[in-house]
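Protein chains in written order, with numbering that gives the first Met the number 0: chain A, 0 to 380; chain B, 0 to 156; chain C, 0 to 355.
Check the hints yourself; a few may be wrong.
[Unchecked claim] Stretches of chain A that chain C covers, calculated by requiring three or more beta carbons in the stretch to come under 8 Å of a beta carbon on chain C:
id: 1; region: 82–93
id: 2; region: 126–138
id: 3; region: 142–150
id: 4; region: 205–218
The set of hints was computed from the structure by calculation and includes no laboratory data. Since we're looking at a predicted model, the values are computed, not measured. Positions of the beta carbon are idealized from the N, C-alpha and C atoms, including for glycine.
So you can see what is in the structure, the chains are spelled out below.
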Amino acid sequence: MTDLLLSQVKVGGESQFGTDEYVVNLGPQHPATHGVLRLIVKLDGETVKETVPVLGYLHRSIEKICENRTYPQCITYTDRIDYVSAMSVNYAFALATEKLMNIEAPARAQWLRMIFIELQRLASHLLWMGAFAGDIGALTPFLYGLRERERILDLFEMTCGQRLTYNYIRIGGVMIDILPDFVSKCIAFLDYFEPKIDEYEDLLTYNPIFLERTKGVGVISPEMGINAGVCGPSLRGSGIACDVRKQQPYLYYDQVKFAECIETAGDCWSRYKVRMREMRESVSIIRQSLERLEPGPIEAKMPPVLKAPLNSEIYSRIESSRGEMGVYLVGDGTAKPWKAKFRCASFSNLYVLDQLTKGWKVADIMAVLGSLDMIVPEVDR
Amino acid sequence: MTNEELKSKIEVDFKNDIQTVIISAQKEAIVTVSPEHYVALCQKLCEEKEYFFNHLSSLTAIDFPKENKITVVSHLWSYKHFHQLTIKVVADRSNPKVATLENIWKSANWFEREVFDLYGVVFEGHSDLRRIMMPDDYKKFPLRKDFADDGFIVKPS
Amino acid sequence: MFTGENIIQIVSGFLHWAYAQVGISALAGAIDPVITAIVMFGFISVFVMFLVWMERKVSAHMQSRIGPNRVGPFGLLQTVADAIKLTTKEDVKPVNRDKIPYFIAPIVAFVATFMGMVVIPFDKGMVVQDLNVGILYIIAITGFTVIAILTAGWSSNNKFALLGGFRSAAQIISYEVPLVLSVVPIIMITGTLSLSGIVEYQQQAGYWFIFPQIVAFIIFITSATAEANRAPFDIPEAESELIGGFHTEYSGVKFAMFFLGEYIAVVVSSAVAVTLFLGGWLPVAFLGFLHLPGFIWFLIKLVSVIYLVMAFRWTFPRLRVDQLMDFGWKVLIPLSILNILITASVWLLLYGKGAQ
Numbered sequence: 000m001t002d003l004l005l006s007q008v009k010v011g012g013e014s015q016f017g018t019d020e021y022v023v024n025l026g027p028q029h030p031a032t033h034g035v036l037r038l039i040v041k042l043d044g045e046t047v048k049e050t051v052p053v054l055g056y057l058h059r060s061i062e063k064i065c066e067n068r069t070y071p072q073c074i075t076y077t078d079r080i081d082y083v084s085a086m087s088v089n090y091a092f093a094l095a096t097e098k099l100m101n102i103e104a105p106a107r108a109q110w111l112r113m114i115f116i117e118l119q120r121l122a123s124h125l126l127w128m129g130a131f132a133g134d135i136g137a138l139t140p141f142l143y144g145l146r147e148r149e150r151i152l153d154l155f156e157m158t159c160g161q162r163l164t165y166n167y168i169r170i171g172g173v174m175i176d177i178l179p180d181f182v183s184k185c186i187a188f189l190d191y192f193e194p195k196i197d198e199y200e201d202l203l204t205y206n207p208i209f210l211e212r213t214k215g216v217g218v219i220s221p222e223m224g225i226n227a228g229v230c231g232p233s234l235r236g237s238g239i240a241c242d243v244r245k246q247q248p249y250l251y252y253d254q255v256k257f258a259e260c261i262e263t264a265g266d267c268w269s270r271y272k273v274r275m276r277e278m279r280e281s282v283s284i285i286r287q288s289l290e291r292l293e294p295g296p297i298e299a300k301m302p303p304v305l306k307a308p309l310n311s312e313i314y315s316r317i318e319s320s321r322g323e324m325g326v327y328l329v330g331d332g333t334a335k336p337w338k339a340k341f342r343c344a345s346f347s348n349l350y351v352l353d354q355l356t357k358g359w360k361v362a363d364i365m366a367v368l369g370s371l372d373m374i375v376p377e378v379d380r
Numbered sequence: 000m001t002n003e004e005l006k007s008k009i010e011v012d013f014k015n016d017i018q019t020v021i022i023s024a025q026k027e028a029i030v031t032v033s034p035e036h037y038v039a040l041c042q043k044l045c046e047e048k049e050y051f052f053n054h055l056s057s058l059t060a061i062d063f064p065k066e067n068k069i070t071v072v073s074h075l076w077s078y079k080h081f082h083q084l085t086i087k088v089v090a091d092r093s094n095p096k097v098a099t100l101e102n103i104w105k106s107a108n109w110f111e112r113e114v115f116d117l118y119g120v121v122f123e124g125h126s127d128l129r130r131i132m133m134p135d136d137y138k139k140f141p142l143r144k145d146f147a148d149d150g151f152i153v154k155p156s
Numbered sequence: 000m001f002t003g004e005n006i007i008q009i010v011s012g013f014l015h016w017a018y019a020q021v022g023i024s025a026l027a028g029a030i031d032p033v034i035t036a037i038v039m040f041g042f043i044s045v046f047v048m049f050l051v052w053m054e055r056k057v058s059a060h061m062q063s064r065i066g067p068n069r070v071g072p073f074g075l076l077q078t079v080a081d082a083i084k085l086t087t088k089e090d091v092k093p094v095n096r097d098k099i100p101y102f103i104a105p106i107v108a109f110v111a112t113f114m115g116m117v118v119i120p121f122d123k124g125m126v127v128q129d130l131n132v133g134i135l136y137i138i139a140i141t142g143f144t145v146i147a148i149l150t151a152g153w154s155s156n157n158k159f160a161l162l163g164g165f166r167s168a169a170q171i172i173s174y175e176v177p178l179v180l181s182v183v184p185i186i187m188i189t190g191t192l193s194l195s196g197i198v199e200y201q202q203q204a205g206y207w208f209i210f211p212q213i214v215a216f217i218i219f220i221t222s223a224t225a226e227a228n229r230a231p232f233d234i235p236e237a238e239s240e241l242i243g244g245f246h247t248e249y250s251g252v253k254f255a256m257f258f259l260g261e262y263i264a265v266v267v268s269s270a271v272a273v274t275l276f277l278g279g280w281l282p283v284a285f286l287g288f289l290h291l292p293g294f295i296w297f298l299i300k301l302v303s304v305i306y307l308v309m310a311f312r313w314t315f316p317r318l319r320v321d322q323l324m325d326f327g328w329k330v331l332i333p334l335s336i337l338n339i340l341i342t343a344s345v346w347l348l349l350y351g352k353g354a355q
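I would like the entire structure built from these sequences, with the hints used as guidance.
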């Protein structure tokens, strides 16, 4: 780091005035980094020469904490890994544990999980849309996004009493059954929400300034994207089919009809468009799941103390709102995991930031960072 | 390929490189490779058309203080064939050294930095092996089982 | 009829009576401008406070919120509360600042934009000083803000502030050119630089210049928005990139001066737009039966133009700095030069030589 900060480039050797690189510290407290991410940016005028992310400001070592907690206790911590999309992470951990211990959740619980994960995807994408537009300078979509997100959070609150960290999806099922009027309220929300997507698209998608700022900016080529570990909507923007829901179906995703949203340009606009289209697909998934929902138990029969077999291990992946979410668990015959690893989409997506911004302007860092849908607690864990 | 096919094919193709290849109780194919063949094996798995593991999904390590070893675990996925493989390589716990996968999958860069930071595994040939989560001047390796920091309670009751 | 001129006569009559009572009639020539300035200051301050409230209400409306509604009726006193908060707040100063420029910058920013108000005719005769080079004066005096912003950016000793200052210099210099060029056709037509003269020409001609000069109007509004550092041209203070830009290190009263300076810049440029293109104090033709005083018409038009500028801000994303320069130099300047050429040719064809 020191050599980076001290490095100087002298231009025009004979002049007594050398020109220095302009090293700017974006963060850890900065409006555009969505949390405590720190970027050391080397500038030549307005042009970015290098972006070095410095991580760890939100490192809580959740993986270490999980080693000292029983499996059901860990679920609470998974909420904090990605608090914008807590349901997905809840489920990622529950899925890994269930596979590790051969637990099969009943059908109603599975459908409920699907409904809530997709609602969570809507909520997460809405917040992302607002934050992305805000990074580019349009402040209005943020409020629109939050307006609809509130109603999703109301649905969550109605079911599990929480609005941010739910701890709703548990090992072997879900925490509590939905209220009788949940289905009608959820359908009412979806009917209200679907035209709103058109509203956002009217406001942003083909806005000339928005196009200027996002088209052709931060292009991830397919080869580079795969090789650098980019995943989720960000990679689908480059034309790669990488949806875990399609490739390694979990829950009942193989029983519902939905399209995998793929755009080919690989720029910020494509990533934006992928997420906007995903919202429509999520609405369709929720509708289908609500139709298939049948009465039944919501929790599997489980032993009172959950113990993983000795020397068992599992790596399971789901498609969280941000991309591929992997959980690696190693059991040692006790009630606590020997090792828990969370593979988070933001972490691997952030890696390409330097390559995407090199040679672009300062403002493009914000556009690219926004379009990658990065969230700091997931990066640092 | 299913995991069974993967297992039998790897057994034939990489007879000399690997130590064991098993199907775990959770039905995952797990390859344990000797350190000297680690990179060559990964290179082949990434490039050969029948495997084509183009996506390094995750790379982490497990600490086994009793056996005095640290196992570096990587999980591969193929966007083409939709199959998954776990690769394990064992390192000595007192002086853990493993070759880097960075030249095969760029994404290994940060994964390996994280493992270096939290487990102290040195990845030989890595381009930028610095601490990533902890402060640069931090001395300990938090995810090792014997880690104890001032004020950190190892086993809460 | 209750017109601007009448009001001026009544007020000045009262003032001269008051001078006579106190016995300082001899000093009237010296005191009159002072009193005018004070009245002007008071009026503009109140108007700007109203504008800040209006901006918040407009943005709230566009973002489906309610906006300020606690202090006073409809939250009208919210800005007063904010102003009190800002003035009573601790003035946090960076230790390694360049002390004198750091102190002067907000004053220059505030005063420079404010002085633009001097030549704006609110009604016939209702103007502080009707300069015969009014337009030149306004363009010159509002150009001062760039010095203030650059000084602020430099003296704060903050990297973001410096970046913001440089961006601002590049931006204001680029957009000054189309701004001036867009005004040229009107000067060519009217043959005067005085703002009152231009309004009077529109009165005689019977049309507003927005109709023949719609291109110039669009260029003018765009450049004026850029001059005032308003979104979508707010790159010098882009909060998602540069935190606060040039005013990152300013707080309290000094920040308030930058903030008010920005709004006054909006008022001045909108007022110039109203005067040049929308007929100043002239009534709207089909609403002429209302018989409102001229300055009311002026204010109505002014608020409408300001609303337009506010609507820009809450609808568009922000341009990138190089795109901003491209837009200025490659689109607006050629367009405005073309506009001058076409106007001149048409004018020559219609009226021949010596049209004036």
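Status of each hint after checking the structure:
Chain C is given as covering the region 82–93 of chain A, and this is violated because 0 residues of the stretch bring a CB closer than 8 Å to a CB of that chain, at least three being needed. For a cut-off of 8 Å, the count of residues in the region 126–138 of chain A with a CB near a CB of chain C stands at 7, and the three-residue condition holds. Look at the region 142–150 of chain A against chain C: 3 of its residues bring a Cβ nearer than 8 Å to a Cβ of that chain, three or more, so the hint holds. A stretch counts as covered by a chain when three or more of its residues have a beta carbon under 8 Å from one of that chain; for the region 205–218 of chain A and chain C the count is 5, and the coverage holds.
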